[in-house]
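Counting the sequence shown from 1 gives a position; the numbering used here is that position plus 693.
Across the chosen pairs, the derived CB separations fall in these ranges:
| id | residue 1 | residue 2 | range |
| --- | --- | --- | --- |
| 1 | Ala789 | Leu752 | 18 to 24 Å |
| 2 | Ala749 | Leu820 | 20 to 26 Å |
| 3 | Arg696 | Glu778 | 48 to 54 Å |
| 4 | Gln796 | Asp835 | 23 to 29 Å |
| 5 | Glu778 | Ala864 | 19 to 25 Å |
| 6 | Leu810 | Glu867 | 26 to 32 Å |
| 7 | Glu806 | Asp835 | 17 to 23 Å |
| 8 | Arg695 | Phe858 | 51 to 57 Å |
| 9 | Asn761 | Ala837 | 18 to 24 Å |
| 10 | Arg764 | Leu820 | 21 to 27 Å |
| 11 | Phe858 | Gly830 | 17 to 23 Å |
Source of the hints: derived by calculation from the structure; they are not laboratory data. No residue lacks a Cβ here, since even glycine has one placed at the ideal position from N, Cα and C.
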Amino acid sequence: MRRPLLLALACFAFAAAVLIVAAAGLPERAAFTGVINPGDTRSTAPEIGAFAPPFAASLLDGDTLSLNSLRGSPVILNFWATWCEPCEVEMPELQAFYEAYPQVHLIGINLAEPPALIHAWMDARGLNFPTVLDLDGRIARDYALRGQPTTYILSPNGVIAHIFFGVTTRAALENVVLPLIVG
Numbered sequence: 694m695r696r697p698l699l700l701a702l703a704c705f706a707f708a709a710a711v712l713i714v715a716a717a718g719l720p721e722r723a724a725f726t727g728v729i730n731p732g733d734t735r736s737t738a739p740e741i742g743a744f745a746p747p748f749a750a751s752l753l754d755g756d757t758l759s760l761n762s763l764r765g766s767p768v769i770l771n772f773w774a775t776w777c778e779p780c781e782v783e784m785p786e787l788q789a790f791y792e793a794y795p796q797v798h799l800i801g802i803n804l805a806e807p808p809a810l811i812h813a814w815m816d817a818r819g820l821n822f823p824t825v826l827d828l829d830g831r832i833a834r835d836y837a838l839r840g841q842p843t844t845y846i847l848s849p850n851g852v853i854a855h856i857f858f859g860v861t862t863r864a865a866l867e868n869v870v871l872p873l874i875v876g
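Produce the entire structure from the sequences given, and follow the hints as far as they go.
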């Protein structure tokens, strides 16, 4: 009777040791799905109170957008992708905010997807806010993006005022952005 018990305990201890060793080699998991940037040497994303990393990139409509050209008004930068279910959940909220507050620049930043796919996806959902194409992932790297949706709120002078990780709503945007509107 003792021998089977000792054998069972030995097997359990061995299995536990194997699991611990295996788990130690696994990468840290993100709290939500999204882009993980291997080789990213930046340890943290830009923080609230810091200037937002500048960029110039192509928009879905073919024009070019420079973040610095938007100074003087609040800016919302929303990182998203068509395959991201939480992104799809928040899109009607972003569109409603975009339509209600034209004095705020709401910019979607799509992560490395073909323009034709983005056009079709946005058209099917009635979305028409400007969308930057981050085809090479450079903007996501500059913001040390770890997942989407991620939404940065910038003050009129380009300083990060708030960051939403995960789904946001029109009401949450209004609470943060409306106090930033000058005049």
